[in-house]
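Enquirer: So the protein lines, in turn, are chains A and B.
0 is the number of the first residue of the first sequence in numbering that gives the first Met the number 0; add one for each residue after it.
0 is the number of the first residue of the second sequence in numbering that gives the first Met the number 0; add one for each residue after it.
Fair warning: there could be bad hints in the mix.
Here are the in silico distance ranges between beta carbons for each label pair [stated by the list, open to error]: (1) A:Asn90 to B:Glu5: 40 to 46 Å; (2) A:Gly107 to B:Asn16: 35 to 41 Å; (3) B:Asn16 to A:Ile84: 22 to 28 Å; (4) A:Asn60 to B:Gln33: 33 to 39 Å; (5) A:Asp17 to B:Ser94: 44 to 50 Å; (6) B:Asp36 to A:Ser29: 28 to 34 Å.
No wet-lab data here; the hints were simulated from the structure.
Because the structure is a prediction, the values reported are computed rather than measured.
In this text, a Cβ means the ideal position worked out from N, Cα and C, and glycines have one as well.
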Amino acid sequence: MAKRKVSFKLKSNLSELDALCQNLEKFGQSMGLSKKCVFETNLALDELFTNIISYGFDDKNEHTISITIALQNDDLVVHIEDDGIPFNPTNAETPDLECSIEECRIGGLGIHLAKNLMDEVCYQRCKDKNILTLKKNIKETEPQKKQAKS
Amino acid sequence: MEIIEENQGGINIYKLNGRLDSNTSQGFEKKIFQAIDDGSKSMIIDFKNLDYISSAGLRVILKATKALKREDGKIMLCDMQDYVKEVFEIAGFDSFLPIVVSMDEALNAF
């Protein structure tokens, strides 16, 4: 049986987004996850990872971001861990979605997408690390099964 | 991401193929704004073969739309896959961006 958990490390560089996507797609395939579920999880992870790279480090050194993806019953559970400055993205302000094109600001949009695509996004600061835990119920994103012919 | 550029009756058409994310959005932004600087006022972005978009991609589309609006120009977005369209919807962008189903519909808007 395929392993229900995968862990990998990414460097603090946007070019790692490809590796992130490949690792997630491979896991999704082996677990038989729907394309929609993999797409939505990929986007949430992309936004949070990009956020960490853009705002998480106050030096020029290369950092490592650890990611673990696991399937626990019907929940896809993802952990993202970095050693950057304390930052809780779940506190970010929700952008005004009712605005007109002239007023529209893009800030906070990534986090807004991540929160909407996942069922849960939780933040913890633990031993000088930022730890994000994401949860998504895989049954909700699966296409409805065709009814059996009577 | 691959970008195929075409010109049809003075309309700049960009066919996107692959993933529009923080890695690829800069190249796309450069292309679009070069065209706007060169006087292009009509654009269609074809999403048919775009598999993925993140907020970095949305940012470029928004920026281009605003720039063209200032120039009295026009942009149309067409043929999005369901997942991609969902991202525009969650962002609330579908309320002010001209998203249409097909290339024909996009061309007819000019």
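Enquirer: Evaluate each hint against the coordinates.
Expert: Tested hints:
1. Range check, Asn90 of chain A to Glu5 of chain B: about 45 Å between beta-carbon atoms, so the 40 to 46 Å window is met.
2. Gly107 of chain A and Asn16 of chain B have their C-beta atoms about 29 Å apart, which leaves the hinted 35 to 41 Å range violated.
3. Our hint of 22 to 28 Å for Asn16 of chain B and Ile84 of chain A is violated, since their Cβ atoms are close to 37 Å apart.
4. Distance hint for Asn60 of chain A and Gln33 of chain B: a CB-CB separation of about 35 Å, consistent with the stated range 33 to 39 Å.
5. Checked against the given bound of 44 to 50 Å, the beta carbons of Asp17 of chain A and Ser94 of chain B, roughly 32 Å apart, lie outside it.
6. Under the hint 28 to 34 Å, the C-beta atoms of Asp36 of chain B and Ser29 of chain A, about 47 Å apart, miss the expected range.
In this structure, the hints that do not hold are numbers 2, 3, 5 and 6, in rising order.
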